[in-house]
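*Asks:* One letter stands for each residue in the lines below.
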Amino acid sequence: MAGNRNWGWSLIRAYTVLVYLFMFLPVAVVVLLSFNASQFGSFPMTGFSLRWFQALWENDAVVRAFRTSIVLGLMTAIVSTTLGVLAALALVRYKVPGRDMITTLLIAPILVPEVVLAVALLLFLNFLNINKSFFLLLMGHVIFTLPFVILVVQARLVSIRRDVEEAAMSLGATPRQTFFAVTLPLLMPAVAAGALFAFTISFDDITGTLFWKPGGVETVPTQIFSMLRNSISPEINALGTVMIVMTVGLPLVGAGIARYLGNRRGG
Amino acid sequence: MSAVTLTDIVKRFGTFTAVHRMSLEIPQGSFVTLLGPSGCGKTTTLRMIAGLLDPTEGDISIGGRRVNDLPIHRRNLGLVFQNYALFPHKTVADNVAFGLRYRDVPKSEIEGRVAKALELVQLPNLGARYPKELSGGQQQRVALARAIVIEPDVLLLDEPLSALDANLREDMRVELKNIQQRIGVTTVFVTHDQTEALAMSDRIIVMSEGRVEQMGAPEEVYNTPASEFVANFLGASNVLAAESTGVNGDEVGLTLPDFPTLAIPRDRAPRIAGAGPAKLVIRAEKLQVRPPGPVSNGAYSIDAKVEAVDYQGQSARYFLRAGQHQLQAINMIDERPLPAGADVSVSFRAKDCAALPPETRE
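Order-wise, the sequence lines are chains A and B. Residues 1 to 267, numbered by UniProt numbering, are exactly what the first sequence covers, in order. Residues 1 to 362, numbered by UniProt numbering, are exactly what the second sequence covers, in order.
If you're looking for bench data, these hints aren't it; they were derived computationally from the structure. Here a beta-carbon is modelled for each residue, glycine too, at the ideal position from N, C-alpha and C. Treat the hints with caution; some may be incorrect.
Chain A regions said to be covered by chain B (calculated; three or more residues, Cβ under 8 Å) [unchecked claim]: (1) 157-166; (2) 179-191.
Every beta carbon over 10 Å from chain A, so not counted as near; a handful from chain B, in silico [claimed, not checked]: (3) Ala50; (4) Arg146; (5) Asn167; (6) Asp171; (7) Phe259; (8) Asn297; (9) Pro337.
Make the full structure from the sequences, and use the hints.
*Replies:* What follows is the structure in C-alpha cells.
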C-alpha cells in the first residue's frame, strides 16, 4: 500500500515538473540563447557573449522603440492611476446614481477581446475623422489598463474605514486635507500596485498598439514583431531577455518595496 | 448656558424616521448619555451634533452658535469611535498631534501638549509606537488623548468601551469619567450598556425607536422609570397590569389580583392622575424571596412558588409564579439559592414600587 502511494506521488511530482518545463522552457531557451556567441539564434551554444546586447544598444530603431515604450508605459501609468483612484473614490465613497452600471462599464474593457476593442476604437476615430497620434495611442492604453487600477484601488479603499476619515475631519482637517493626510497614504500600496499593473500591461501590449500606433512609431513589442518578419536574429533573443527582466522584475521589486513599507508602518 | 442645544431636531432617511422631533439641552461641563438599544437613533443624534449628518429639520447650537451649516472640521469637537479610528500610518505622537497641526499651534508648543495629553491618559513614553503595536485599551486611550488635546468644546463618545473586554471596560469606565471631570469638558456619550450609563452620567437620555423615552439623573431614571420600556431596559423589572383606585393625599392606591391592596408614594407615580387602569413596576432586585414566614413591618408580602433558578454566583435570579403572575427576582445569596419548586414568600416595600399609566403612544 505504502509503496503504491509513493509511486502515485512520484507520478504527480513528475507531472508537475513537466508542466513547469512546458511553461518555462521556451522562456529559458530565449534567455539562454541571448548569451550565445554564435551567428545563429539557435543551438548549439558556441560560447558566452554579450555581443547581442551590445548590438541591441547600437540598433537605433530598437533604442527608439524602447524609449517610446517606456514613455508610453509611464504616461499610461500616471493617467490610469490618477483616473482610477478618482473613479474608485467616487464609486466607493459617494452615492453615485447608477453606480453598478458605471462599475460594469469601467471594468468591461477587460472582458471585451482586445482585438474587438482595438478595431472598435479605430473605426470610431475614422468615423470622427481623427488621425492616429501618440496621444490617441496613449488613450487606448489607458482604456484597457484603467479597469485593473480601479479594481485594485477599490478593493483597498473598501478596507479603509470611513471613521478614520471622520476622525481626521473632526480634528479640523478639510475633506481635501483628509484625503492627502489619511486616505491617500493608506491607499498607497494599491496605488503603487495599480501603477505597476498599468505600466507592465502597456509595456507588453501588442494587439491594441498595432492598430492604434501612428506611422513611424514603434514600441518594443511591435518592433520585435517587425524584426521577426525579416529574420530570426539573435538580437531578438537579447531583446526578449530585456523584456522579461523588465516585466517580471519590476513588479517583484515593487511588491518587495510595498512589503517593506507595510511592515515598517503597519499598513 | 448650555453647551449643546438641539431644537426640534428630526432626521429622516427617505421615508424612515430615525429621530423623531427631539429637543435637548446639554449643560456646560456635564456628562450626558444617550442610552438605548441599537437602532434607537442615539448614534444618529450624535452624528448630527458632530456634523457628520445633517438634520432634516430643527437647529443645533454649540456654545450658543447655530452650527447647522458649519462643516465638521470647523466645529471644534473631539470624537472617539468604538473602533478607535487611529491613523495606522502615523505614530502615536503624530496621531495625537494631528488636530494641533490644523490649528496653527506653533511647532514648539505641539510637542509639550502631546506629551501632556499622553500623560493624562497614562500612556507617557509610547509616542514613538505605531497603533498596531498597542493593545485595544491603549489604542482607545490614544484616541481619547487625540480628541482632548485640541481642547474641544464638546467631547463626543460613540460606544468607546464596547470593543474592549469586560475587565478593561470597567477600568476604562472609571478612568474616562475621571479624565472628563478633571478637564471639565462637556461630554455626550452614546452607549447601549445601562451599567455604563448609570455609572458615568450626570444625565441619562433613554431613547427607543427614535424617540426620547425619559431624561433625568441616573437615580431618577432607574428608580422612577417613565415607561415600561425604560423599566425593562435599565435592569430587569416586573411590569404588571393593575387598577388605580385614585390619588389619596401622598399616596396612590393600586389593586391587582393575588396582591394585597398597595399604597404607593405619590412621587413614585407622578403620572397617575386618578382612578383607572395602570401598571405596577417593581425591579427584580427589590423583590425579597424568603422561605414562608413572618415578614418585617411595613412590607407587603405575597405567596409564590419558585419555578426556575438561574444561579449567578453572588446572586441568583428566581423565576416565580404568584397566582396568575409571573415574577422575576434577583437576590444576593448566602451559600446556596432556594431550590426550584420551593414555596416562598416574596416581600417588597411600597417605596420600591412605581406606577405608570398604560402606554399611550401616538
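*Asks:* Against which earlier hints does the structure fall short, listed by number upward?
*Replies:* 3 and 4
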